[in-house]
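Chemist: If you read the sequences in order, they're chains S, F, B and C.
In terms of the working numbering, the first sequence opens at residue 1 and continues consecutively.
In terms of the working numbering, the second sequence opens at residue 1001 and continues consecutively.
In terms of the working numbering, the third sequence opens at residue 2001 and continues consecutively.
In terms of the working numbering, the fourth sequence opens at residue 3001 and continues consecutively.
Honestly, I wouldn't trust all of these hints.
Stated by the list, open to error - Chain C regions said to be covered by chain S (calculated; three or more residues, Cβ under 8 angstroms):
(1) 3094-3102
(2) 3107-3121
(3) 3175-3189
Unchecked claim - Partial selection, computed: residues in chain C whose CB lies under 8 angstroms from chain B:
(4) F3048
(5) G3088
(6) P3089
(7) L3128
(8) I3136
(9) H3139
(10) G3142
(11) P3165
(12) G3202
(13) G3203
(14) P3261
(15) C3264
(16) V3266
(17) M3275
Simulated from the structure, these hints should not be mistaken for laboratory data.
C-beta atoms are modelled at their ideal positions from N, C-alpha and C, and glycine is treated no differently.
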Amino acid sequence: MPVETVFETSIERVSILDEHGRFDEELGADLIPDADLIKLYSHLVTCRHFDEIAFKLQRSGRMGTYPENRGQEVTSLGAAYALRKTDWLVPCYRENAGLFWHGLPMEYVLLHWMGDERGNEIPDGVNVTPLAIPIGTQMLHAAGLAWSHKYRGDDAVACTFFGDGATSEGDFHEAMNFSANLDLPVIFFCQNNSWAISVPTRIQCSAPTLAQRGVGYGMDCIQVDGNDLFAVVKVVREAAERARTTNRPTFIEAITYRLGDHTTADDARRYRDQEEVEMWKLRDPLIRLRNHLDGKGLWDETRQGALLEQAEARVVDVVKSAVEIEPLPASDMFANMYKAMPAGLEEQARAMRTCSLGRIPGETVDQAAT
Amino acid sequence: MPVETVFETSIERVSILDEHGRFDEELGADLIPDADLIKLYSHLVTCRHFDEIAFKLQRSGRMGTYPENRGQEVTSLGAAYALRKTDWLVPCYRENAGLFWHGLPMEYVLLHWMGDERGNEIPDGVNVTPLAIPIGTQMLHAAGLAWSHKYRGDDAVACTFFGDGATSEGDFHEAMNFSANLDLPVIFFCQNNSWAISVPTRIQCSAPTLAQRGVGYGMDCIQVDGNDLFAVVKVVREAAERARTTNRPTFIEAITYRLGDHTTADDARRYRDQEEVEMWKLRDPLIRLRNHLDGKGLWDETRQGALLEQAEARVVDVVKSAVEIEPLPASDMFANMYKAMPAGLEEQARAMRTCSLGRIPGETVDQAAT
Amino acid sequence: MANLTLVQAINLALIQEMERDDRVLILGEDVGLNGGVFRVTEGLHKRFGADRVVDSPLAESGIIGASIGLAMGGLRPIPEIQFEGFLGPAYDQLCTHAARMRTRTRGALTVPLTVRVPVGGGIHAPELHSDSPEAIYTHIPGIKVVMPSSPYDAKGLLISAIRDPDPVIFFEPKRIYRAFREEVPEDEYTIPIGEARIVREGGELTMVSWGASVIQCMNAIESSGRDIELIDLRSISPIDMVRISASVQKTGRAVVVHEAPMTCGVGAEIASRIMEECFLHLEAPVQRVTGFDCTMPYYKLELDYLPDADRIKQAVADVIAY
Amino acid sequence: MANLTLVQAINLALIQEMERDDRVLILGEDVGLNGGVFRVTEGLHKRFGADRVVDSPLAESGIIGASIGLAMGGLRPIPEIQFEGFLGPAYDQLCTHAARMRTRTRGALTVPLTVRVPVGGGIHAPELHSDSPEAIYTHIPGIKVVMPSSPYDAKGLLISAIRDPDPVIFFEPKRIYRAFREEVPEDEYTIPIGEARIVREGGELTMVSWGASVIQCMNAIESSGRDIELIDLRSISPIDMVRISASVQKTGRAVVVHEAPMTCGVGAEIASRIMEECFLHLEAPVQRVTGFDCTMPYYKLELDYLPDADRIKQAVADVIAY
Ligand SMILES: Cc1ncc(C[n+]2csc(CCOP(=O)(O)OP(=O)(O)O)c2C)c(N)n1
Ligand SMILES: Cc1ncc(C[n+]2csc(CCOP(=O)(O)OP(=O)(O)O)c2C)c(N)n1
Ligand SMILES: [Mg+2]
Ligand SMILES: [Mg+2]
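Given these sequences and hints, build the entire structure.
Modeler: What follows is the structure, given as structure tokens:
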């Protein structure tokens, strides 16, 4: 045949609890037990409060730049809930809810943004990598981490989070391609929040969906309502199952929205319409879930009040431990450069002056460099 | 709808003169006038002979590493024929036939592989970039070149060539993404020759086609029989037309095969079966075209004999001018580092010794560094 | 004359060059509507339109690689890389192509682009927003590297960079983007790439620095009360050894100050050349006051990492006491 | 004891470390069935299987980025980058992650990987197959850089690199892959990273070099008939200043030789430190014999670019005559 069709595909979009509160019983039934639902909602509320406080810490000069998570909490939380503690979360920087659920202590995120490496000193047994500042670079680490488990023969998977903008980086392509072609159990979780700082998603991808980014790798890909906890849990569960049983990766595009500025250093009014923001506020995942719980009679104002009190108390402690942590000695910057500190560096650390100047003139080499 | 289809697509494959010599009149009619067909075939035979001689030059120690083009000649030639002299060809290193057709003097390619930059000193008016050694990097230049024409408002396009392996590089992704999202008139011409040195295409892409690499960018993409001159001309014409009129890029996967080793430094017997090679020898694009010409009564043995003589004579001259070119003075390495040579470099060039040593001890700075 | 910050001086230079030459265009992340995360391209999108001030996809190799093509196509692209920490993905395009195209093609194809990159520490930014990679690109032949330390130099150097027929990396010390204002002529002027500036004459010791460190040097010199000659390199590649050597042959002592780690930093090159060219004049080894040989720490410790007046003064004392 | 080439010594070290530790795996382009384009991994695919000797997609950033993940996951990946000219695409992953992960996480996550990279010129290869980027990675804190000049050192250094808890770039001077053979012990042994080797003792002048240039230095020394002490750095980062300074304090004269361009090359760092540590002992400025500050030319001129015995001898003469 002179012109024949050699490939066909389609992309599907999953929604269970939609923005109008409609719940799809068929897909949604026993996806999440009520008890867990309450835990998850409570966690979301606590994380939202944490986010507000973190923002205030920056504004009051007690913390550096901070990227608000507001509006996107359900994406990473749904994923974390659908995964196991033995799985890896490889985040960007807007996944607090999922990271905390997976076991990262809350104060770590504050310490990170307070310019303190202790915020990255991940406790043993918490399978999380540090917040990734260079966009797009962490997905390859997820590929390697997933590979290390496949190599060892256990069935842990790695789920990496990133934004719409990150999908423009070459490393995204290489991570997708490695995972697809070497059969690595990775879940690529893209949070399409419409913006990369001031740049709209269409500049990052002019295709009708970001989900179809997976097609070129022969990868399963799917689009999901990222503000719908149920839908996120469902697609991540399926992706995790696929990864565990077949080592095949999955690309997930979750449609969500960044309700705040890009970071505290940004002013989104310069480049986006307030109407758009207002429209998305109505799709706030927390409100949606709260209404659902109310509808099921699982929640009410009293419970909400109690929860808020707990959340405030919890975050107060977290802030306290981050703000009151003992100061870092300047020498700390040398301490972890290598497992064993080389002589030259040791000398710089001793003098806290460059090696060039650290030596008393005339001092002989052997004293100095050994 | 809880699960809805949000995107559908398919990939088509175009073939006009197939491996069995069947010619599709509908698509093929008046695609290429007979006179041009003879020119193109003659060019192919000359390029094949050039390729054989280049190989011998390396084997006889008169030239460095050389990548045989054998078996892939029709891809770049069909593209060059379908384009205009004002368009850019941005090659990798297996596109001699197309580059020569576009105006690059044959001896340039020999000089390049003889380790002589004069092989890259592209003559004015020949819109070709130098052979690209770092895989995958040149496609971004094609995007920029195409952009420069769009910026100026003329309708020239850029066609960049690369292999299956190149599609694994991050720069490939970024070039595709830039072109699709910024509407750049680029043609991405992938020559899928089954191998990247010793690595089979499935390690570069586990999807059923490479053509679908374009889907994630919302780019038009198509697969073509790369050993079918007619089909290649047709798809490139359509891509060029699309680029000129809408600034939309196209991704083309041409299925071809590397009949020789990767380069003269390679021994393909280490990693691929001879049967595979033999099978592809039957699909040799030159044989296919020759049979077609014979069938149309446009060609015969006498003509073939005469052509071979011409080709040999031509290549003899080319080799002569490359081999007998005047030697490069060592100082040449400094001559084109900058438009205006900085003082320090000028000094290195003068002394042909590092600046550190170029100075007679005691010589004062002002004599030395100005 | 207008009294401008470094950011404003750069913005003015960009406007004037875009007015003057319509081959000049700007591309990068958030350079359009948003005017850049540091507001350096503020107002340009409105003034010159979306064809000449282009918000690109989030891909540094793409930004530089496409700029190389634009430049080979005869235009004068000014790509912006949002922070020096994100120049890494573009390293390969810069070194394998931008730096080599002229010599590779013996001048047939050239790459007149100017890469603008905010650089350096001291603003309490997140990780990878405070590095100083100038030595990396100074080691690469074929690329020029400049870094102004004042609004006046910023405007003149940027105009030279944009007009330069070869690739130039224009590092902008973000710590002093708005630290102070200076009289900057309205009309265009150029400062030759490759010429250092004697900030302050002196006979006792020669101090060489560039970028934001020049300010630290001034503080050190003023509070030390010593007769020190301060040279602002301005161009890091090529290095103006004529002025440096002339100064050291006069003073016999030298200190080099930069933020980057010491090992294989630009200070090593300058110290070596001073030794080579001024050996018989040197009263003491050239000393380097630099960042330490460790990763720029998160911001709680960044001021302990960066050379400050105290460390510089100590070095001066050491050299003079030698 | 076996009489091996550098390629064979590396191959042997890889086999022994893979036998010893099943966390060790190899990945890269053409490292599998093909045994690498230089045959360094010859036979390993057959011996250890496709799970431990992995042909990867053609993507250097991917190879290093995935290796970082493998290493964080507790394995000991040995990625191969086919030629130093293609290390560029991996520069960002190496500098922003491999080099920083330990200090960023205060040791919670570490990256024990060994990047094998053929390096240097002299084999008449195409463009970007003959460069020497060691200074770039020596400037980056957190990565170690080694380059052997003999089969014996190659085996011992590679084993140390593989066992090192931190990232190491293991540069293999391709010019001497098969240039000569040497007795190499069958059983495993290590050569400490950070220790230079005194190749030859001497009292008149200290010569410092590494990789293939060491051979050029030997030729120069032998034909010069002078009493020169030759130090093979072996580890470029960290630099063994103890041995270098001790030697220069004895000889009072020094020449550093390397293939990379002079400006901001490792020679500048060594010259500066010698000045700092041996100033009062120096009879002449430390001289550098290096590649020129231009792009490594295509191979017709590469031997004019690379430092050879004549240029080295001239430097020695200059220093001694100073
Ligand atoms: C490699 C790199 N380039 C640029 C930046 C600067 N930057 C930080 S966040 C950001 C936008 C990221 O957008 P997206 O990936 O959509 O994530 P989002 O912030 O929307 O969650 C940019 C450009 C960076 N951190 N890293
Ligand atoms: C960035 C880079 N990495 C690795 C190499 C070494 N190398 C040269 S050609 C090649 C394979 C290229 O395969 P493909 O893209 O399919 O082109 P083909 O040779 O098959 O035409 C490799 C790995 C290179 N030249 N550049
Ligand atoms: Mg986003
Ligand atoms: Mg191929």
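Chemist: Determine for every hint whether it applies to the structure shown.
Modeler: Hints, one by one, checked against the model:
no., hint, verdict
1, 3094-3102, "holds (count 3)"
2, 3107-3121, "holds (count 4)"
3, 3175-3189, "violated (count 0)"
4, F3048, "violated (31 angstroms)"
5, G3088, "holds (3 angstroms)"
6, P3089, "holds (5 angstroms)"
7, L3128, "holds (6 angstroms)"
8, I3136, "holds (6 angstroms)"
9, H3139, "holds (4 angstroms)"
10, G3142, "holds (6 angstroms)"
11, P3165, "violated (16 angstroms)"
12, G3202, "violated (22 angstroms)"
13, G3203, "violated (21 angstroms)"
14, P3261, "holds (5 angstroms)"
15, C3264, "holds (4 angstroms)"
16, V3266, "holds (6 angstroms)"
17, M3275, "holds (5 angstroms)"
Checked against the numbered hints listed earlier, the structure breaks hints 3, 4, 11, 12, 13; every other hint is satisfied.
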